[in-house]
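Novice: Sequence:
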Amino acid sequence: MKTDVEIAQAAKMEHIEKIAAQLDLDADDLELYGKYKAKLSINTWNKIKDNKNGKLILVTAINPTPAGEGKTTTSIGLGDALHSLGKKAALALREPSLGPCFGIKGGAAGGGYAQVVPMEDINLHFTGDFHAITSAHNLLAAVLDNHLQQGNQLDIDVRRVTWKRVVDLNDRALRNIICGLGGKAHGVPRETGFDITVASELMAILCLASDLQDAKERIGRIVVAYNHAGQPVHADDLNVTGALTLLLKDAIKPNLVQSLEKTPAFIHGGPFANIAHGCNSVMATKHALKLADYVVTEAGFGADLGAEKFMDIKCRFAGLEPDAVVIVATVRALKMHGGLSKQELAKQDLKALAAGMENLAKHIENINQFGLPAVIAINKFPTDTDEEIAFLEEECQKMGAQFSLSTVYSDGSKGALDLAEKVIKAADAPSKMKLIYSDDMSVQDKIAAIATKIYGADSVEYTKAAEKSIAEINEFGFSNMPVCMAKTQYSLSDDMAKLGRPTGFKITIREIRLCAGAGFIVALTGNVLTMPGLPKKPAAENMDIDINGKITGLF
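Under this note's numbering, the sequence shown has 192 at position 192, and the numbering climbs by one with no breaks.
Mixed in with the good hints, there may be bad ones.
As the list claims (entries may be wrong) - Computed cross-link-like contacts, DSS-like style, restricted to lysine-lysine with a CA-CA straight-line distance of at most 30 Å: (1) Lys498 - Lys536; (2) Lys290 - Lys414; (3) Lys88 - Lys47; (4) Lys87 - Lys432; (5) Lys87 - Lys18; (6) Lys216 - Lys290; (7) Lys347 - Lys536; (8) Lys262 - Lys2; (9) Lys35 - Lys47; (10) Lys422 - Lys351; (11) Lys464 - Lys506; (12) Lys422 - Lys87; (13) Lys88 - Lys434; (14) Lys434 - Lys498; (15) Lys49 - Lys425; (16) Lys342 - Lys380; (17) Lys434 - Lys422; (18) Lys18 - Lys290; (19) Lys347 - Lys398; (20) Lys468 - Lys506; (21) Lys88 - Lys290; (22) Lys498 - Lys537; (23) Lys18 - Lys2; (24) Lys453 - Lys422; (25) Lys52 - Lys432; (26) Lys468 - Lys453; (27) Lys105 - Lys12; (28) Lys87 - Lys35; (29) Lys87 - Lys380; (30) Lys262 - Lys47; (31) Lys88 - Lys49; (32) Lys87 - Lys47; (33) Lys49 - Lys290; (34) Lys290 - Lys87; (35) Lys498 - Lys342; (36) Lys434 - Lys49; (37) Lys262 - Lys87; (38) Lys380 - Lys351; (39) Lys422 - Lys398; (40) Lys52 - Lys434.
Keep in mind the hints are simulated off the structure, nothing from the lab.
Make a model of the complete structure from these sequences and hints.
Specialist: As structure tokens, this is what we get:
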């Protein structure tokens, strides 16, 4: 079989205006970025806002493993299957980050015969959204340091500057730095660091804002530091809210591309799910729902992270409610959760599969806790045996979940027709989404609700620094905000080594960060880092481009 990039390069794409026409959009609704990419005009919303919403399908997964699950690939294949069944369908996905693309994870444009294209553009610079966010974020940092240099009229405590800089690459050497060295003319020396762009609060704002004006108001509320009296200093206090918004004037517009099978795909925004809220933009999702009868979207990593934040943060802010949820798993990954090493996954082992099934069972329970129906999509590998598949199907039926085999990687939409039909049926069934916690609960009670109900923890412990931050949040009147948990994606616990369905564990909150602009509180657990590092052999080492511009090694 061809590589992902070879398949993408062989695709015959339609002009983006023809893709838009499927959604009853015309040339005036588009701002073209070449033949195959476009942004929606800022005025398109006024044209479609009174349309009836389509059905919203959320795709999530079990806790990811090195064996691979294929959540984005399944999402794209499902969208294509709905499209092939004659449904007016669209995809609403996140943009890939350059960090994991050049690191170990690879891109996020799907795989095999279930991809969005132009794959190379989407995985690289795309329409420049991430660069705009990086520039805006670093402008705020530069203005803040300039304020310190020019007399510090706001009496900012340099020990309590919370706004770092960002870059959209994995670069562990930048996690902790000292800036302002070189003497009086070169700034005020202080400790700081870099986060990856997708962890920027501006990324979260772009993805949660309802429009440009809402984004501007959120940007003004960003807390960048605290003064010597302990009071928060906001972006508005530095008088740069307008300039920051100006840099995001185009980035905030949803991007439109297509799948290999010509399904319209809105790809916009990309906050990480283990350190941010992990969902594509509210604007892209809302536009898609007004334009299509079925919208397939996804949330990052497993349902304990992405899906929980999709419901408790994105849906809370945007007034959205999924009609059905797909949980993606593989036999290989479940056997790994059951204790097998990666080298042992090709052999049949029903005992390990049964043990690993506990991870899937917990995610099914969690989706049911939200009051939503779950459809299980098993991304089939050639090494899966009939006995293993039969066992999985029987276990899912026992838990009341629909079950479907997916072969979209090798077969495209044909490999998800059964899944699509079951999703249509699930989406038509009556359901009512329930949030895990209410706005008026205390910060500690919100965290406890997530930790005990979603992760299965016994209790939550806090460092003294985290307790102090919560006290400040209460004092400043921000305690009604939802909580964004920063946790390892590999385990239901905060210990990445605890696979399957761990029990008898505690969640430790080591740090609390206020994202007043985004509108949520970040609770950091374990050793989660907001600036990832590169592996020993980065994916970048296998990438190249020839004299004709043909790219190889991108995946």
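Novice: Hint by hint, note whether the structure agrees.
Specialist: Outcome of the hint check:
1. Lys498 - Lys536: holds (24 Å)
2. Lys290 - Lys414: Between Lys290 and Lys414 the Cα gap is close to 27 Å, so the pair holds against 30 Å.
3. Lys88 - Lys47: holds (18 Å)
4. Lys87 - Lys432: holds (24 Å)
5. Lys87 - Lys18: holds (17 Å)
6. Lys216 - Lys290: holds (24 Å)
7. Lys347 - Lys536: Holds: Lys347 and Lys536 sit about 28 Å apart, inside 30 Å.
8. Lys262 - Lys2: Measuring from Cα to Cα gives roughly 20 Å; hence the hint holds.
9. Lys35 - Lys47: Satisfied, since the Cα-Cα distance of roughly 24 Å is no more than 30 Å.
10. Lys422 - Lys351: holds (28 Å)
11. Lys464 - Lys506: Within the cut-off at roughly 16 Å; holds.
12. Lys422 - Lys87: holds (14 Å)
13. Lys88 - Lys434: holds (28 Å)
14. Lys434 - Lys498: At roughly 28 Å apart (the allowed maximum being 30 Å), Lys498 and Lys434 satisfy the hint.
15. Lys49 - Lys425: Given pair Lys49, Lys425 holds - Cα atoms ~27 Å apart, limit 30 Å.
16. Lys342 - Lys380: Satisfied, since the Cα-Cα distance of roughly 16 Å is no more than 30 Å.
17. Lys434 - Lys422: Roughly 22 Å between the alpha carbons, so the hint for Lys434 and Lys422 holds.
18. Lys18 - Lys290: holds (18 Å)
19. Lys347 - Lys398: Distance of about 25 Å is within 30 Å: holds.
20. Lys468 - Lys506: At roughly 20 Å apart (the allowed maximum being 30 Å), Lys506 and Lys468 satisfy the hint.
21. Lys88 - Lys290: Holds: Lys88 and Lys290 sit about 11 Å apart, inside 30 Å.
22. Lys498 - Lys537: Cα-Cα ~25 Å, so holds.
23. Lys18 - Lys2: Satisfied, since the Cα-Cα distance of roughly 27 Å is no more than 30 Å.
24. Lys453 - Lys422: holds (27 Å)
25. Lys52 - Lys432: holds (18 Å)
26. Lys468 - Lys453: holds (25 Å)
27. Lys105 - Lys12: holds (27 Å)
28. Lys87 - Lys35: Within the cut-off at roughly 25 Å; holds.
29. Lys87 - Lys380: holds (25 Å)
30. Lys262 - Lys47: Cα-Cα ~24 Å, so holds.
31. Lys88 - Lys49: Answer holds: Lys88 to Lys49 is near 17 Å, not above 30 Å.
32. Lys87 - Lys47: Roughly 22 Å separates the two Cα atoms, so the pair holds.
33. Lys49 - Lys290: Judged against 30 Å, a Cα distance of about 7 Å means the pair holds.
34. Lys290 - Lys87: This hinted pair holds, its Cα atoms lying about 14 Å apart.
35. Lys498 - Lys342: holds (16 Å)
36. Lys434 - Lys49: holds (25 Å)
37. Lys262 - Lys87: Judged against 30 Å, a Cα distance of about 13 Å means the pair holds.
38. Lys380 - Lys351: holds (19 Å)
39. Lys422 - Lys398: Between Lys422 and Lys398 the Cα gap is close to 17 Å, so the pair holds against 30 Å.
40. Lys52 - Lys434: Since the Cα atoms of Lys52 and Lys434 sit roughly 22 Å apart, the hinted pair holds (cutoff 30 Å).
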